[in-house]
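With chain A's structure known, arrange chain B on it following the hints.
As a plain string of letters, each chain reads:
There are 2 protein chains.
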Amino acid sequence: MAKSLIEVFKQTTYQVGGNGKRNLKVLLDSLEGVDDSLESDIYGKGQIIEDFQRKMADLLGKESAVFFPSGTMAQQIALRIWCDRKGVNKVAYHPLSHLEIHEEDGLKELHHIETFYLADSHRVIEFDDVLKLNEDVACILLELPQREIGGQLPSFETLEQISNYCRQKGIKLHLDGARLFEVLPFYQKTAAEVCSLFDSVYISFYKGIGGIAGAILAGEDSFTEESKVWKRRHGGDLISLYPYIISSDYYYEKRKDKFEQYYKEATELASLYNSCHDVFTVPQEIVSNMFHVHIKKPKDSVENVLIGVYEESNIGLTGYVKEVNENECSYEVSIGDLYESVPKEDLQKAFELLDEKLKNVN
Amino acid sequence: MAKSLIEVFKQTTYQVGGNGKRNLKVLLDSLEGVDDSLESDIYGKGQIIEDFQRKMADLLGKESAVFFPSGTMAQQIALRIWCDRKGVNKVAYHPLSHLEIHEEDGLKELHHIETFYLADSHRVIEFDDVLKLNEDVACILLELPQREIGGQLPSFETLEQISNYCRQKGIKLHLDGARLFEVLPFYQKTAAEVCSLFDSVYISFYKGIGGIAGAILAGEDSFTEESKVWKRRHGGDLISLYPYIISSDYYYEKRKDKFEQYYKEATELASLYNSCHDVFTVPQEIVSNMFHVHIKKPKDSVENVLIGVYEESNIGLTGYVKEVNENECSYEVSIGDLYESVPKEDLQKAFELLDEKLKNVN
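Line by line, the protein sequences are chains A and B. Final position of the first sequence in this note's numbering is 425; the numbers increase by one with none missing. Final position of the second sequence in this note's numbering is 425; the numbers increase by one with none missing.
Hint data in this document are derived by calculation from the structure and do not stem from the laboratory. Treat the hints loosely; a few may be bogus.
All copies of an identical chain are treated as equivalent in the list; a pair is satisfied when it fits inside any one copy or across any two copies.
Unchecked claim - Cut-off 30 Å, straight-line C-alpha distance, at most; resulting in silico cross-link-like pairs (DSSO-like, lysine-lysine):
| id | residue 1 | residue 2 |
| --- | --- | --- |
| 1 | K171 | K317 |
| 2 | K359 | K171 |
| 3 | K362 | K321 |
| 4 | K118 | K84 |
| 5 | K291 | K108 |
Okay, chain A solo, but in the shape it has when bound (with noise of 0.2 Å):
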């Protein structure tokens, strides 16, 4: 039986996106080293959890910040505080939103929030968006890069202009940071001074930093306090978090400063897919280190010519391909460690060979 796309990118020597294999090593290379008998947190208590809190609060410039142990969990109780605070079970954001499309509805269903779309699902919320909605919604969700349309990010000039406008009509806005680290390297940012624009704030652990779970969610005191009030209901305050709190400040401490690295590669990398026969990036222009990559051609088409080219190469560029139409497909591309490692040259010698491959298919 022919080996599948999966199977043949495994095999490869190199995988160009990502920090590497999700396995085990990843806790126990973020344990090395560390004291054992330091004391587990407690319930939200100790100095695990409230050193690594303080730290992104100040990192963040939040006057506090609540360690969760998703951001699932952190931006619908976000979202749920500013309601009640407003009285107005209703909130706006980006219609491929992941508390739209990754949740199971988790905020309707538990918080009974209605929600509202900013923007179409192709495009990222612009402030005409917001000034146009026709809802007086309690809180405004921005996701930068908004991740499903392979990590656009509006202007910060557009930021600004969203914030100063909730600011005047009584609208929250919260920021999925998800992948916050990801874009300070285009804004030319601090991570504070894009928070600035925001009343609340989540970061991951696992996506750019790369650690094995968890999530933090930061503002002002008043609103972090009520925030562990429902950790404890979702059933998120464990008497333990510290396996994700340590490899999160580890791999925090990695890689914060890789980031403008990843940028660069990205670019590198996406103008070498725009060189490429019917291929193009989404976006055009790189702005963090993450895009999509489309090919107008079927799918099946397209696993066959990358399992040729994984082959040939030993380069790796996707584990899948996703069905756009019957005549196009794409699939995610995020830079991590991994991409440094990969020789230039067989990178090259990859995409000439998806190019050719590609002309070659009808």
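Leaving out everything else, chain B in the frame of chain A:
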């Protein structure tokens, strides 16, 4: 300044309760010798999580099982599913149920489930309490043992009566089995035998098992599948839960055959307490590894007495004392691995000191 009870307790050579410190060694021990190439579970899929869920389902005699980060999450979800199935948002449980007093009303705030009490707060739920329940509830939750009243237990015959009755009446029966392993020696039953009386079961891995965190929810396939949807809604479907799964399995294997011993040791320790002046245990007859110690003296006096005992005997009995009223105080004792290493003579001496010192409190 005089030292506090907890300070002196921590300096004693031997502590009679628990499995030892909750420090990083607990995690590191569980990871010793693991294969670092083992792949992480990914959003509830993969060998690590699926194997453990299968193992626990078999142990509990249920079709399937789902690993959760916490029991708070698992149990709210269990009750929600049963309420949805029946179209009745009402459940009944003990007035000192974990859901009622330790979860910031998550069941009510997130799931809008109305709760009714069975029994009063000083005793366990008996069959008669169920018979007298004057509400059409979707589910009854029984906690075995009833932790907040010293870990008391109904008889096994009572459980059978309640189970039969609930099946006749179309009421689901859910087991809060946070300390299920702890009561099997008293009942002289297997976990599966106890669980066969219940439609859904939760067990915990950081009580007697002594793991880091984590819970299992088990039942029929249609129930556990539905629970996975709610797990995602709650924000508990983490990309990686393996730090908790591996440690849960490790400590389950390490301690699964020790609960008979803990039970006997708890019985022995309780009889030492009950031989002291103005001291009694709840329950009087020990039925698990735990009990509450009540001392009919003011809290401050008892703390001073205990400090004296610890300093003279080097044995730590408890790190805290809770006021019941101005002439009575209490604390909880749970027996784990530490008890067996306490020299019997020293322990005897500690109780002689305790008895003598309590007599001198007026």
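Taking the hints in turn, this is what the structure says about them:
no.: 1; hint: K171 / K317; verdict: neither (37 Å within a copy, 42 Å between copies)
no.: 2; hint: K359 / K171; verdict: neither (37 Å within a copy, 51 Å between copies)
no.: 3; hint: K362 / K321; verdict: neither (33 Å within a copy, 56 Å between copies)
no.: 4; hint: K118 / K84; verdict: both (28 Å within a copy, 26 Å between copies)
no.: 5; hint: K291 / K108; verdict: both (11 Å within a copy, 29 Å between copies)
When the structure is compared with the earlier hints, violations turn up for hints 1, 2 and 3 and for no others.
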